[in-house]
Amino acid sequence: RKEVEQDPGPFNVPEGATVAFNCTYSNSASQSFFWYRQDCRKEPKLLMSVYSSGNEDGRFTAQLNRASQYISLLIRDSKLSDSATYLCVVISTGGFKTIFGAGTRLFVKA
Amino acid sequence: EAGVTQFPSHSVIEKGQTVTLRCDPISGHDNLYWYRRVMGKEIKFLLHFVKESKQDESGMPNNRFLAERTGGTYSTLKVQPAELEDSGVYFCASSLSGLGADTQYFGPGTRLTVL
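Those protein sequence lines, which keep their order, are chains A and B. Using my numbering, read the first sequence as starting at 5 and increasing by one per residue. Using my numbering, read the second sequence as starting at 315 and increasing by one per residue.
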């Protein structure tokens, strides 16, 4: 089993749609969680950190459920520019090793 | 402020040759990380420097890979001799602190193709 697993995708949605991505992690001692965005043939860029209390940044909302070892990302009112691969990233304890999920590809269509 | 830079952007070499990748972190960032993404797979951690010291090199695939960060500034990753399975995109990232919650800033990557 992979340490970080994401919805395989791709997700094809129309502009204006709401889309949700899920991610699960296997190490219960993991301590930090992030969503990164990666455009085609580009480097990953931090989208947002994920906190137990949940956090929101404009159209993006991230949630963490430690009990279920589950992270989510909700994108409201999708834009064409949201088309990208979304990477779930988990930092393990004891050395702060960074573990990436395989990513979920999102296509937003006009 | 300049971001993380990597050189070269692309490298095509033959099996058995040597390649050296370079990463220049953001100025003042003591923490430097190397990652690799092979086709169809997730990005995988290779190693983590704090200044010039290797904090964690548990992700290095084998002894054909050698990373250095002399002087605690830029870092190099040498692959010698290169094998076909080494093909992929090598990303470098840097962060101000090594704490788990700290943002890592990624460079554009070096796309390595071994023929």
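It is worth saying that the hints were derived from the structure and are not from the lab. A quick note: this is a predicted structure, and the numbers were derived from the prediction, not measured. Heads up, the beta-carbon is just placed ideally off N, CA and C, and yes, glycines get one too. It is possible that part of the hints are untrue.
Claimed, not checked - Chain B is faced by these chain A residues, among others (derived, beta-carbon under 10 Å):
#1 Ser36
#2 Tyr40
#3 Arg45
#4 Glu47
#5 Lys83
#6 Ser87
#7 Leu91
#8 Arg109
#9 Phe111
#10 Ala114
Verification of the hints:
{"no.": "1", "hint": "Ser36", "verdict": "4 Å, holds"}
{"no.": "2", "hint": "Tyr40", "verdict": "8 Å, holds"}
{"no.": "3", "hint": "Arg45", "verdict": "8 Å, holds"}
{"no.": "4", "hint": "Glu47", "verdict": "4 Å, holds"}
{"no.": "5", "hint": "Lys83", "verdict": "23 Å, violated"}
{"no.": "6", "hint": "Ser87", "verdict": "19 Å, violated"}
{"no.": "7", "hint": "Leu91", "verdict": "7 Å, holds"}
{"no.": "8", "hint": "Arg109", "verdict": "13 Å, violated"}
{"no.": "9", "hint": "Phe111", "verdict": "18 Å, violated"}
{"no.": "10", "hint": "Ala114", "verdict": "28 Å, violated"}
In the structure shown, a violation is registered for the earlier hints numbered 5, 6, 8, 9 and 10, in ascending order.
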